[in-house]
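What follows is the residue order along each chain.
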Amino acid sequence: MKNIKQISYSSIKNLLIFNNMHPISNLKDNEIFTSLNSLNNANENELTFFNDISQTNILKNTKAKACLIDNKDLKHLPSSTKSIVVKNTYKAFAILSNLFSVKSKSTGNISKYSLIHNSSSLKKNVQIDSFVEIGHNCKIGENVIIKSNCKIGPNVIIGKNSIIYSNCNLQDCIIGSNCVIKSGSVIGGAGFGFDPRSKITISHIGNVLIGDNCNIGSNTTIDRAVFDSTIISKNSFIDNLVQIAHNVYIGDEAIIAAQTGIAGSTTIGNNVMIGGQVGISGHLTIGNNVQIAAKSGVTKNIKDNSIVAGFPAVDIKRWKISSIKLNKL
Amino acid sequence: MKNIKQISYSSIKNLLIFNNMHPISNLKDNEIFTSLNSLNNANENELTFFNDISQTNILKNTKAKACLIDNKDLKHLPSSTKSIVVKNTYKAFAILSNLFSVKSKSTGNISKYSLIHNSSSLKKNVQIDSFVEIGHNCKIGENVIIKSNCKIGPNVIIGKNSIIYSNCNLQDCIIGSNCVIKSGSVIGGAGFGFDPRSKITISHIGNVLIGDNCNIGSNTTIDRAVFDSTIISKNSFIDNLVQIAHNVYIGDEAIIAAQTGIAGSTTIGNNVMIGGQVGISGHLTIGNNVQIAAKSGVTKNIKDNSIVAGFPAVDIKRWKISSIKLNKL
Amino acid sequence: MKNIKQISYSSIKNLLIFNNMHPISNLKDNEIFTSLNSLNNANENELTFFNDISQTNILKNTKAKACLIDNKDLKHLPSSTKSIVVKNTYKAFAILSNLFSVKSKSTGNISKYSLIHNSSSLKKNVQIDSFVEIGHNCKIGENVIIKSNCKIGPNVIIGKNSIIYSNCNLQDCIIGSNCVIKSGSVIGGAGFGFDPRSKITISHIGNVLIGDNCNIGSNTTIDRAVFDSTIISKNSFIDNLVQIAHNVYIGDEAIIAAQTGIAGSTTIGNNVMIGGQVGISGHLTIGNNVQIAAKSGVTKNIKDNSIVAGFPAVDIKRWKISSIKLNKL
Chain A
1 MKNIKQISYS SIKNLLIFNN MHPISNLKDN EIFTSLNSLN NANENELTFF NDISQTNILK
61 NTKAKACLID NKDLKHLPSS TKSIVVKNTY KAFAILSNLF SVKSKSTGNI SKYSLIHNSS
121 SLKKNVQIDS FVEIGHNCKI GENVIIKSNC KIGPNVIIGK NSIIYSNCNL QDCIIGSNCV
181 IKSGSVIGGA GFGFDPRSKI TISHIGNVLI GDNCNIGSNT TIDRAVFDST IISKNSFIDN
241 LVQIAHNVYI GDEAIIAAQT GIAGSTTIGN NVMIGGQVGI SGHLTIGNNV QIAAKSGVTK
301 NIKDNSIVAG FPAVDIKRWK ISSIKLNKL
Chain B
1 MKNIKQISYS SIKNLLIFNN MHPISNLKDN EIFTSLNSLN NANENELTFF NDISQTNILK
61 NTKAKACLID NKDLKHLPSS TKSIVVKNTY KAFAILSNLF SVKSKSTGNI SKYSLIHNSS
121 SLKKNVQIDS FVEIGHNCKI GENVIIKSNC KIGPNVIIGK NSIIYSNCNL QDCIIGSNCV
181 IKSGSVIGGA GFGFDPRSKI TISHIGNVLI GDNCNIGSNT TIDRAVFDST IISKNSFIDN
241 LVQIAHNVYI GDEAIIAAQT GIAGSTTIGN NVMIGGQVGI SGHLTIGNNV QIAAKSGVTK
301 NIKDNSIVAG FPAVDIKRWK ISSIKLNKL
Chain C
1 MKNIKQISYS SIKNLLIFNN MHPISNLKDN EIFTSLNSLN NANENELTFF NDISQTNILK
61 NTKAKACLID NKDLKHLPSS TKSIVVKNTY KAFAILSNLF SVKSKSTGNI SKYSLIHNSS
121 SLKKNVQIDS FVEIGHNCKI GENVIIKSNC KIGPNVIIGK NSIIYSNCNL QDCIIGSNCV
181 IKSGSVIGGA GFGFDPRSKI TISHIGNVLI GDNCNIGSNT TIDRAVFDST IISKNSFIDN
241 LVQIAHNVYI GDEAIIAAQT GIAGSTTIGN NVMIGGQVGI SGHLTIGNNV QIAAKSGVTK
301 NIKDNSIVAG FPAVDIKRWK ISSIKLNKL
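Top to bottom, those sequences are chains A, B and C.
Numbered by the numbering used here, the letters in the first sequence go through residues 1 to 329 in order.
Numbered by the numbering used here, the letters in the second sequence go through residues 1 to 329 in order.
Numbered by the numbering used here, the letters in the third sequence go through residues 1 to 329 in order.
Be aware that one or more of the hints could be misleading.
Unchecked claim - With a Cα cut of at most 25 Å, we get these calculated SDA-like pairs of lysine to any residue:
hint: 1; chain 1: B; residue 1: Lys28; chain 2: B; residue 2: Asn43
hint: 2; chain 1: A; residue 1: Lys199; chain 2: C; residue 2: Asn51
hint: 3; chain 1: A; residue 1: Lys303; chain 2: C; residue 2: Lys320
hint: 4; chain 1: B; residue 1: Lys75; chain 2: B; residue 2: Ser101
hint: 5; chain 1: C; residue 1: Lys234; chain 2: A; residue 2: Lys325
hint: 6; chain 1: B; residue 1: Lys87; chain 2: B; residue 2: Ser54
hint: 7; chain 1: A; residue 1: Lys199; chain 2: C; residue 2: Lys328
hint: 8; chain 1: A; residue 1: Lys139; chain 2: A; residue 2: Pro154
hint: 9; chain 1: B; residue 1: Lys5; chain 2: C; residue 2: Ser203
hint: 10; chain 1: A; residue 1: Lys199; chain 2: C; residue 2: Lys112
hint: 11; chain 1: C; residue 1: Lys325; chain 2: A; residue 2: Ile324
hint: 12; chain 1: C; residue 1: Lys105; chain 2: A; residue 2: Thr201
hint: 13; chain 1: A; residue 1: Lys300; chain 2: A; residue 2: Thr285
hint: 14; chain 1: A; residue 1: Lys199; chain 2: C; residue 2: Met273
hint: 15; chain 1: C; residue 1: Lys105; chain 2: A; residue 2: Lys63
hint: 16; chain 1: A; residue 1: Lys103; chain 2: B; residue 2: Asn301
hint: 17; chain 1: C; residue 1: Lys105; chain 2: C; residue 2: Ile4
hint: 18; chain 1: A; residue 1: Lys234; chain 2: C; residue 2: Pro196
hint: 19; chain 1: B; residue 1: Lys87; chain 2: B; residue 2: Lys325
hint: 20; chain 1: C; residue 1: Lys103; chain 2: A; residue 2: Lys325
hint: 21; chain 1: B; residue 1: Lys328; chain 2: C; residue 2: Ile4
hint: 22; chain 1: C; residue 1: Lys60; chain 2: C; residue 2: Ser79
hint: 23; chain 1: C; residue 1: Lys112; chain 2: C; residue 2: Ser83
hint: 24; chain 1: C; residue 1: Lys112; chain 2: A; residue 2: Leu122
hint: 25; chain 1: A; residue 1: Lys317; chain 2: B; residue 2: Ser322
hint: 26; chain 1: B; residue 1: Lys103; chain 2: C; residue 2: Pro196
hint: 27; chain 1: B; residue 1: Lys199; chain 2: A; residue 2: Lys325
hint: 28; chain 1: C; residue 1: Lys13; chain 2: A; residue 2: Phe194
hint: 29; chain 1: A; residue 1: Lys325; chain 2: C; residue 2: Leu329
hint: 30; chain 1: B; residue 1: Lys63; chain 2: C; residue 2: Ser265
hint: 31; chain 1: B; residue 1: Lys325; chain 2: C; residue 2: Ser203
hint: 32; chain 1: C; residue 1: Lys5; chain 2: A; residue 2: Thr201
hint: 33; chain 1: A; residue 1: Lys300; chain 2: C; residue 2: Lys123
hint: 34; chain 1: A; residue 1: Lys199; chain 2: C; residue 2: Asn288
hint: 35; chain 1: A; residue 1: Lys63; chain 2: A; residue 2: Ser38
hint: 36; chain 1: B; residue 1: Lys112; chain 2: C; residue 2: Ser120
Claimed, not checked - Cβ pair distances, simulated, as ranges:
hint: 37; chain 1: B; residue 1: Lys105; chain 2: C; residue 2: Asn88; range: 52 to 60 Å
hint: 38; chain 1: A; residue 1: Ile157; chain 2: C; residue 2: Ile24; range: 53 to 61 Å
hint: 39; chain 1: C; residue 1: Ile324; chain 2: A; residue 2: Ile157; range: 31 to 39 Å
hint: 40; chain 1: B; residue 1: Lys105; chain 2: A; residue 2: Ser80; range: 50 to 58 Å
Hints in this document: simulated from the structure, not taken from any laboratory.
Here a beta-carbon is modelled for each residue, glycine too, at the ideal position from N, C-alpha and C.
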């Protein structure tokens with residue numbers, strides 16, 4: 001929820017400079033902003049940003065006190081609104097959004113309505129909310145926050161500064177530092193593995209590794225490996241209701257949108273962008289820097305730097321042509 | 001579960017009349033029914049209904065004591081079964097289903113195994129089950145039921161008579177009156193927003209608004225807005241495992257089937273019907289009275305009153321033709 | 001997580017023989033294995049298995065002490081690795097995976113932080129973890145394990161030896177023996193049923209029946225029937241994030257992969273295999289032994305023994321041809 005703050009332009013400027021951005025502005029250092037808001041709704045005490053030319057008419061009528069804006073768009077800014085000129089307005093907005101909000105910080109409080117098994121250990125300043133059970137053999141890092149109704153364990157390590165939202169289930173997994181695990185996600189459950197005829201279940205003795213700075217969406221499921229590890233590498237962002245099957249490997253910096261599913265043992269390179277509702281078959285190799293359009297079904301390996309779409313997924317240009325022709329059949 | 005009741009025809013008749021239906025029947029007012037049941041399974045003490053001509057043979061053999069039926073289908077009713085003739089048998093069935101079941105009513109009991117922050121307030125006759133934590137700054141309306149293991153808060157308002165089933169997570173949201181939120185749903189989590197290159201997360205200071213009389217399915221996720229609100233308007237029904245991204249607007253009376261996903265900032269009009277597993281891209285405008293067939297992928301704006309299907313979604317007639325031709329290629 | 005064990009070849013041999021497999025090996029009865037591991041990672045104290053010819057080069061370099069292998073592949077086994085020759089190496093692996101892991105067994109402990117309604121009963125040796133509420137009218141079978149933060153009830157019967165993982169919600173359902181219900185699943189919630197115009201909700205007085213030896217994935221939702229029962233028959237395996245609507249019937253031995261959705265009142269025969277992200281319309285009849293490829297959309301009845309793919313789903317050979325031709329348009 002919106003918090004009324006008193007943030008001076010000098011604070012804004014310093015934070016942008018700290019992030020290697022170089023703002024140029026007609027604001028004075030001691031001018032104050034109470035909040036960050038959308039072009040539409042920002043008032044005369046608020047900061048806004050412009051990064052979408054389809055909103056030029058809204059920009060022309062903004063009531064904001066000042067706007068993060070690219071030099072080329074300055075001409076559309078009403079005279080009543082001051083400017084903070086930066087090159088990447090969206091990045092500047094992301095940086096400043098954290099200045100204007102209250103970041104969750106561990107209270108260091110362990111609820112008396114939580115249970116922690118004596119084989120598990122907590123580093124300093126951990127917050128554990130009510131109705132949380134931490135089972136066998138867990139190690140919880142400094143400043144970690146675990147919200148209510150989570151089950152953690154057995155065999156879970158959580159790195160420092162990570163936040164686990166309510167009703168999550170983590171077992172047999174190692175979570176890096178500075179991660180955010182949203183509500184209702186299930187990490188480390190046994191994979192969908194069995195002998196198809198006899199229906200004898202395969203015991204999964206592996207785990208899940210999630211690198212530093214990862215973000216896992218609400219009600220997402222990530223199954224543990226048969227042996228070894230299902231891996232999500234550092235700086236990866238995974239949206240809500242995503243399914244990651246056992247023994248999948250995902251490289252650094254992945255972006256995976258909601259309701260996508262990745263079947264067992266598929267390997268995905270670094271810097272991939274995967275749209276929503278994509279399905280990827282098992283035992284495939286997806287290269288680095290691959291982009292997969294929403295709703296695609298990937299059935300074959302994909303080379304580095306490819307952009308694919310459709311089902312079965314093909315080069316996106318090829319897909320666009322056949323989509324158009326299909327509708328003219 | 002089935003409850004054996006003693007409901008007289010006069011009660012049935014009065015409830016239908018109260019709902020502006022005008023039943024005509026050969027039943028006497030004091031005839032008694034113990035339950036409502038399917039055509040197949042209803043016994044000689046039970047009421048049933050007929051609304052599907054593919055079940056005409058089942059109707060001919062029903063053992064039910066009486067049947068809700070359209071006048072034109074009366075000829076198929078066996079002589080041992082009496083009739084309650086109405087125009088919309090399905091609506092009559094829906095109305096009466098609530099007469100024959102036990103509706104959840106708040107017990108007014110606050111479990112001693114729940115926690116309520118002192119900045120939050122409850123109106124009269126609220127039921128809070130065990131292992132529920134209500135955090136900062138919440139207002140819970142009259143007769144609300146919150147089932148076990150929910151986390152509510154911070155910044156949640158729930159309107160009167162709403163029911164929140166177990167293991168839900170609600171934060172930064174306003175829920176209307178007479179809503180049903182099914183188990184495991186996550187409402188008000190931060191959206192999937194970040195600067196794609198630097199991976200700097202955008203702090204979401206908005207919330208979620210859900211209008212009166214809405215129904216949200218199990219394990220569904222609805223993310224809060226960056227600023228402002230993600231909105232589901234009144235009388236909308238959303239099924240299980242649906243994803244609604246940040247800043248989506250959905251008008252009144254929407255029906256959205258399971259596993260559909262709607263990407264960020266899309267605006268949807270009133271009275272839409274959206275099938276299961278549909279994907280809708282971000283920043284689109286979908287008109288009023290639009291129908292979207294199951295498994296469609298919507299990539300463009302849709303005008304009022306359109307019916308679309310396929311991926312990319314097109315007019316449903318066009319899609320049917322190309323689907324047939326595709327399979328003859 | 002991996003447990004270091006001391007398992008002799010004679011134990012391995014006896015367990016395989018007990019399962020009607022007939023191993024032939026150059027191992028001595030008293031040779032010891034500490035674990036089961038992948039071809040890649042198995043060390044000189046560990047057992048591995050080979051069932052995928054694409055991994056022949058990995059086999060040639062395995063460091064494992066011994067390998068479960070088919071007679072025809074023996075020629076690729078390095079001389080340092082001994083052999084256990086069986087016909088179905090994957091089945092043998094599945095069987096032995098349970099010998100090398102620690103199976104969850106009820107501790108018989110009822111947490112003092114759980115609540116059990118006095119209308120409910122537990123058979124002997126039930127384990128109930130913390131923050132579990134068991135509501136009205138439940139019967140929990142012998143040796144059942146219910147992990148933390150579950151809500152069970154009202155009207156739930158759970159057969160012996162079943163395990164319910166954390167944060168599940170079970171109401172109005174009967175679960176067979178030896179079932180595994182993974183975290184976050186919701187079984188027995190009311191179905192998505194209402195009169196579409198008046199939005200009057202249909203009271204669901206039915207339940208869900210799940211047969212013996214079934215496996216239900218994490219965050220999967222299975223709605224209860226309007227009347228009667230939604231049914232999943234014995235020995236069925238359902239993956240994560242699957243949606244099963246009200247009044248669906250699924251026969252024995254089904255395998256249903258992640259994120260599939262089955263709409264209301266559809267009937268599915270025995271021995272079906274359904275890939276991930278499949279959608280099946282309501283009120284259909286799907287025959288026995290049907291296979292449905294991942295991402296298919298099934299809109300019509302399917303005869304016994306068919307293999308279908310695509311949307312709308314057609315014979316898989318037909319689909320493959322039109323997929324290829326589509327991309328040449």
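Going through the hints against the structure:
Among the hinted pairs, Lys28(B) with Asn43(B) is consistent with the structure: their alpha-carbon atoms are about 18 Å apart, no more than 25 Å. At most 25 Å may separate the alpha-carbon atoms for a hinted pair to count; Lys199(A) and Asn51(C) meet this at roughly 17 Å. Taken as a hint, the Lys303(A) and Lys320(C) pair is honoured in the structure, with Cα atoms around 22 Å apart against an allowance of 25 Å. Pair hint Lys75(B) plus Ser101(B) does not hold up; C-alpha atoms about 30 Å apart against a cutoff of 25 Å.
For the suggested pair Lys234(C) and Lys325(A), the alpha carbons sit about 46 Å apart, so the restraint of at most 25 Å is broken. As the CA atoms of Lys87(B) and Ser54(B) are separated by approximately 18 Å, the hinted pair is consistent with the 25 Å bound. This hinted pair does not check out: Lys199(A) and Lys328(C) have alpha carbons roughly 41 Å apart, beyond 25 Å. Of the pairs offered as hints, the one joining Lys139(A) and Pro154(A) holds, with about 10 Å between alpha carbons and a cut-off of 25 Å not exceeded.
Among the hinted pairs, Lys5(B) with Ser203(C) is consistent with the structure: their alpha-carbon atoms are about 14 Å apart, no more than 25 Å. A hinted pair counts as satisfied when its Cα atoms are at most 25 Å apart, and Lys199(A) with Lys112(C) does not qualify at roughly 36 Å. Among the hinted pairs, Lys325(C) with Ile324(A) is consistent with the structure: their alpha-carbon atoms are about 14 Å apart, no more than 25 Å. The suggested pairing of Lys105(C) with Thr201(A) holds, with an alpha-carbon distance near 16 Å, which does not exceed 25 Å.
For the proposed pair Lys300(A) and Thr285(A), the alpha carbon gap of about 8 Å is at most 25 Å, so the pair holds. For the proposed pair Lys199(A) and Met273(C), the alpha carbon gap of about 13 Å is at most 25 Å, so the pair holds. A C-alpha spacing of about 64 Å is found between Lys105(C) and Lys63(A), which places the hinted pair above 25 Å, so the restraint is violated. For the suggested pair Lys103(A) and Asn301(B), the alpha carbons sit about 36 Å apart, so the restraint of at most 25 Å is broken.
For the hint linking Lys105(C) to Ile4(C), the alpha-carbon distance of about 19 Å falls within 25 Å, and the restraint holds. Taking the CA atoms of Lys234(A) and Pro196(C), the gap is near 46 Å; set against the 25 Å cutoff, the hint is violated. For the hint linking Lys87(B) to Lys325(B), the alpha-carbon distance of about 40 Å lies beyond 25 Å, and the restraint is violated. Between Lys103(C) and Lys325(A) the alpha-carbon distance is near 56 Å, which puts this suggested pair outside the 25 Å criterion.
The suggested pairing of Lys328(B) with Ile4(C) is violated, with an alpha-carbon distance near 58 Å, which exceeds 25 Å. Taken as a hint, the Lys60(C) and Ser79(C) pair is honoured in the structure, with Cα atoms around 9 Å apart against an allowance of 25 Å. Using a Cα cut-off of 25 Å, the hinted pair Lys112(C) and Ser83(C) is violated, with the two alpha carbons roughly 50 Å apart. Restraint check for Lys112(C) and Leu122(A): satisfied, since their Cα atoms lie roughly 23 Å apart, inside the 25 Å limit.
Taking the CA atoms of Lys317(A) and Ser322(B), the gap is near 20 Å; set against the 25 Å cutoff, the hint holds. This hinted pair checks out: Lys103(B) and Pro196(C) have alpha carbons roughly 20 Å apart, not beyond 25 Å. For a cut-off of 25 Å, the pair hint linking Lys199(B) to Lys325(A) is broken: about 38 Å separates their Cα positions. This hinted pair checks out: Lys13(C) and Phe194(A) have alpha carbons roughly 20 Å apart, not beyond 25 Å.
Only pairs whose Cα atoms come within 25 Å are accepted, and Lys325(A) paired with Leu329(C) is accepted, the gap being roughly 7 Å. Restraint check: the Cα-Cα separation between Lys63(B) and Ser265(C) comes to about 21 Å, which is no more than 25 Å; the hinted pair holds. For a cut-off of 25 Å, the pair hint linking Lys325(B) to Ser203(C) is broken: about 43 Å separates their Cα positions. For the suggested pair Lys5(C) and Thr201(A), the alpha carbons sit about 20 Å apart, so the restraint of at most 25 Å is met.
The straight-line distance between the Cα atoms of Lys300(A) and Lys123(C) is roughly 51 Å, outside the 25 Å bound, and the hint therefore fails. Proposed proximity of Lys199(A) and Asn288(C) is supported: the alpha carbons are some 17 Å apart, at most 25 Å. Under the criterion of a C-alpha separation no larger than 25 Å, the hint pairing Lys63(A) with Ser38(A) is consistent with the structure, at around 10 Å. The straight-line distance between the Cα atoms of Lys112(B) and Ser120(C) is roughly 20 Å, inside the 25 Å bound, and the hint therefore holds.
Between Lys105(B) and Asn88(C) the beta carbon distance is about 56 Å. The supplied range of 52 to 60 Å therefore holds. Checked against the given bound of 53 to 61 Å, the beta carbons of Ile157(A) and Ile24(C), roughly 42 Å apart, lie outside it. Checked against the hint of 31 to 39 Å, the C-beta distance between Ile324(C) and Ile157(A) comes to roughly 48 Å, which is inconsistent with it. Evaluation of the 50 to 58 Å hint for Lys105(B) and Ser80(A) yields a pass: the beta carbon distance comes to about 55 Å.
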